[in-house]
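Q: Using the sequences and the hints given, assemble the complete structure.
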Amino acid sequence: MKRCNQKLVWLTCMAVASAAACTTPAQGQARPFSGSDVQTIYQRLLGQINQIPVFDNHGHPGFPDDSDVDAMTISPDSALPFRLRENNPEMAGAAKALFGYPYNDLSPDHLRWLVQRKAEEKKRLGNSYFSHVLDLVGIETAVANRVAMSDYLPATRFRWVFFVDSFLFPFDNRQLASRNPDQKLNLPLQEKILRRNIVRAHFEQLPADLSGYLSFITRILEENQKAGGVGIKFEIAYFRSLHFDDPSQQRATAIYTKYHAGGVPSAEEYRDFQNFIFRYLLREAGQLHLPVQIHTAVGGGDYFSLQDGNVLNLENVLRDPRYENVTFILLHGGFPYERQAIWLAAKKNVYLDSSLMGIFLYPDEFKKSLRVWLETFPNKIVFGSDAFPLGDAIGAEENYWLATQSASVALTEALAEMVSAGEVNEDQALHMAHAYLHDTASHLYGSVH
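For the sequence shown, position 359 matches number 395 in my numbering, and the numbering has no gaps at all.
Keep in mind that the hints were calculated from the coordinates and are not lab data. Every residue gets a Cβ at the ideal spot worked out from N, C-alpha and C, and that includes glycine. It cannot be assumed that every hint is accurate.
Said to hold, decoys possible - Each pair of labels, with its calculated beta carbon distance range:
id	residue 1	residue 2	range
1	Gly458	Pro100	42 to 50 Å
2	Gln87	Arg236	38 to 46 Å
3	Val300	Lys228	13 to 21 Å
4	Glu259	Gly83	17 to 25 Å
Unchecked claim - In silico BS3-like cross-links for lysine-lysine, where the CA-CA straight-line distance does not exceed 30 Å:
id	residue 1	residue 2
5	Lys383	Lys404
6	Lys262	Lys384
7	Lys262	Lys228
8	Lys404	Lys132
9	Lys220	Lys262
10	Lys262	Lys294
11	Lys294	Lys228
12	Lys132	Lys158
13	Lys294	Lys220
14	Lys384	Lys404
A: Encoded structure:
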């Protein structure tokens with residue numbers, strides 16, 4: 037009887053323990069939902085996150101009449117997401133914060149006030165105008181992705197990342213330009229940049245052989261680095277697929293020999309040559325310790341191919357052991373494939389940048405993408421604004437404000453939810469915020485300087 041009672045007590049204890057295990061989470065175990073304390077945590081984190089000096093990994097600062105702002109353009113009648121249009125009321129908020137804009141709307145008459153106010157500020161501040169804008173939005177350092185730098189973007193605040201796509205278009209581009217109006221608009225700009233570099237190198241025409249052309253490319257990279265360049269940038273997704281095969285140098289030599297002095301390559305020949313030059317640029321960037329930025333998201337214009345621009349097309353390059361010494365920064369996080377793209381960052385030399393996402397998406401939606409990234413590889417993601425001069429009234433200035441405001445809100449929302457759900461504590465959340473907004477990008481480019 038005594039033994040039976042002992043067994044009954046033991047079974048009862050086991051049942052109670054089992055029930056408790058099923059209903060009570062273990063210490064520190066994350067919940068599948070946030071608690072009622074999210075708003076309190078959000079407010080507690082927000083003030084601290086807003087004090088973090090921001091390192092902007094990607095933008096195109098400049099004035100609308102500066103042709104060096106970008107290496108390409110989009111047609112004036114191309115569609116813009118609502119958030120980037122002049123009738124987005126947030127733009128009035130940006131103008132108020134930056135220039136004391138006294139109106140709540142963006143009517144043509146009121147926008148003329150803003151244009152005049154900006155002109156007065158440019159005259160008053162001179163070459164410190166954009167540095168002043170950075171101060172107002174909390175950006176300590178901004179990467180300027182441009183064809184060339186300008187005196188009004190001082191090196192103390194702006195780091196230069198230069199375009200290299202033009203090296204992929206040395207031949208007769210008539211066949212490529214005939215594909216669609218966007219190509220017809222932008223290929224002449226690539227040819228102009230290549231011609232500019234040829235003149236810089238004191239050549240009258242392309243080198244006579246591939247060896248000379250490769251030496252020319254390396255020379256321009258080295259000269260740009262000496263002039264302050266800290267990285268290279270590809271916009272090639274606007275022109276072709278991001279999948280790059282691995283042709284031999286013999287194949288590239290034959291194509292260059294055949295077409296450098298004239299003639300129109302077939303689509304296959306041009307693609308093979310570009311594949312070779314793309315990979316050559318990666319190798320040289322690795323040797324020079326220049327991080328490689330690649331546009332990996334939706335693009336402007338009517339003919340950008342989401343299929344060709346899919347970030348997953350780069351996987352064969354990113355996983356290639358020959359490029360272990362190359363730092364890849366996937367601009368715009370592969371959007372709208374950002375949830376797949378984060379797994380490319382499992383590779384130790386691959387990082388994701390959130391530029392464009394923060395000004396295309398409202399914070400509530402942006403938060404969802406950031407949270408997935410933070411829960412996966414929080415040390416492999418960096419903030420970017422993608423600030424760009426849309427016009428005389430709404431320019432890079434307002435986009436800087438919109439991007440930093442969105443990132444602050446979305447990041448804090450994501451982290452507050454993670455803290456509330458028991459995924460991280462507040463110290464870990466703030467560490468992640470510092471890494472995303474500043475520390476990771478500062479380290480990437482600090483090793484170059």
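Q: Against this structure, judge whether each hint is valid.
A: Now the hints, each set against the structure:
| no. | hint | in the structure |
| --- | --- | --- |
| 1 | Gly458 - Pro100: 42 to 50 Å | 48 Å, holds |
| 2 | Gln87 - Arg236: 38 to 46 Å | 43 Å, holds |
| 3 | Val300 - Lys228: 13 to 21 Å | 19 Å, holds |
| 4 | Glu259 - Gly83: 17 to 25 Å | 45 Å, violated |
| 5 | Lys383 - Lys404 | 23 Å, holds |
| 6 | Lys262 - Lys384 | 27 Å, holds |
| 7 | Lys262 - Lys228 | 22 Å, holds |
| 8 | Lys404 - Lys132 | 28 Å, holds |
| 9 | Lys220 - Lys262 | 33 Å, violated |
| 10 | Lys262 - Lys294 | 33 Å, violated |
| 11 | Lys294 - Lys228 | 22 Å, holds |
| 12 | Lys132 - Lys158 | 17 Å, holds |
| 13 | Lys294 - Lys220 | 24 Å, holds |
| 14 | Lys384 - Lys404 | 24 Å, holds |
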